[in-house]
Amino acid sequence: MGEPRHLPILLFNDECAVCRLIAGWVCRSLQSQGDAATLIVQPIGNDPAALRALNPSLDIWDAYANIHLIMPDGSMKVNGEAVAETLRRTPATRWLAPCFNWQFFGRRPLQAILNVAYSALSDIRPLLGCESCGIPSLWLRPFHWMALTLRGKTATRNHSAVSSQTIRR
Amino acid sequence: MPVAMDFVTPVTAENFNELVLRTNIPVVAEFMSYGCEHCRLLEPVLQKVAEKLGSRELIFRVNIATEQTLADRYQIEGTPTLVMFWKGVEIGRAIGPDPSMQALWDAVTSPFEGLSQNG
Chain A
85 MGEPRHLPIL LFNDECAVCR LIAGWVCRSL QSQGDAATLI VQPIGNDPAA LRALNPSLDI
145 WDAYANIHLI MPDGSMKVNG EAVAETLRRT PATRWLAPCF NWQFFGRRPL QAILNVAYSA
205 LSDIRPLLGC ESCGIPSLWL RPFHWMALTL RGKTATRNHS AVSSQTIRR
Chain B
-13 MPVAMDFVTP VTAENFNELV LRTNIPVVAE FMSYGCEHCR LLEPVLQKVA EKLGSRELIF
47 RVNIATEQTL ADRYQIEGTP TLVMFWKGVE IGRAIGPDPS MQALWDAVTS PFEGLSQNG
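Same order as they appear, the protein sequences are chains A and B.
Take my numbering: the final residue in the first sequence is number 253, and no numbers are missing along the way.
Take my numbering: the final residue in the second sequence is number 105, and no numbers are missing along the way.
Bound conformation, chain A alone (with noise of 0.2 Å):
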């Protein structure tokens, strides 16, 4: 399991223009505070081995799929929980994080609008120019159809095109 760790680590899409948008935000959010270290933000990588050190329920295919956020005593959070822990855990945005918590009549109503808000912007970061975020939703081809029109590109079937910019980073 490696040497114990103190902070949680989010882990970031670095192959998705939108995740390392994400990403470098919460960095420099936590940089310009001069805060004492909250949050390590590493990205995904290639490793299957690496992730299962840190969570041995860790998935390679899953990280990529979900945003994921392993706690220090090994647990994970993911999408919208991970969203609003790193938010807790942010010092630009640590004053929302109550919010999330509460409750009414035993359910956190604002906790389930930040999982379909991170749910609906999941969804669009093919539209956004996510060329590894893969098949847009039902609902969105239309629009990718379109986006990937306007960008000169033919739409894919069971098919990632690969960019030379993305082949050689």
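Hints are not guaranteed to be accurate.
Subject to a maximum C-alpha distance of 20 Å in a straight line, what follows is the list of computed SDA-like cross-link-like pairs (lysine to any residue) [to be verified]: (1) B:34 - A:146; (2) B:34 - A:145; (3) B:34 - A:242; (4) B:34 - A:193.
Hints are computed from structural coordinates only; laboratory data are not their basis.
With the hints as your guide, set chain B onto chain A.
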């Protein structure tokens, strides 16, 4: 998507020639990327196909994010792309095969039909 056992062996530029090109067994090289959703959908099916094939045919995984020279050498334009090799020579290619057992089985076995392992 936890994989109990990996039937698809990762290969790099360092051991590609030895494992893929210098063998008398039919070989399939899957050019993929972990960030590719189509590759993710294909993965469990490919594992089943590789398990079923056993030692009859070997399936290797080339991650183009780290193996750019191999991707360039074989002019990979997208993922997943399966390249079939027989005695070091490319004899077939399947670009974005359907992630179904039958389609994938056909894609990786049909190029080798009629080829003699002694020939």
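Hint check:
| no. | hint | result |
| --- | --- | --- |
| 1 | B:34 - A:146 | holds, 19 Å |
| 2 | B:34 - A:145 | holds, 17 Å |
| 3 | B:34 - A:242 | holds, 18 Å |
| 4 | B:34 - A:193 | violated, 41 Å |
The structure shown violates just one earlier hint, number 4.
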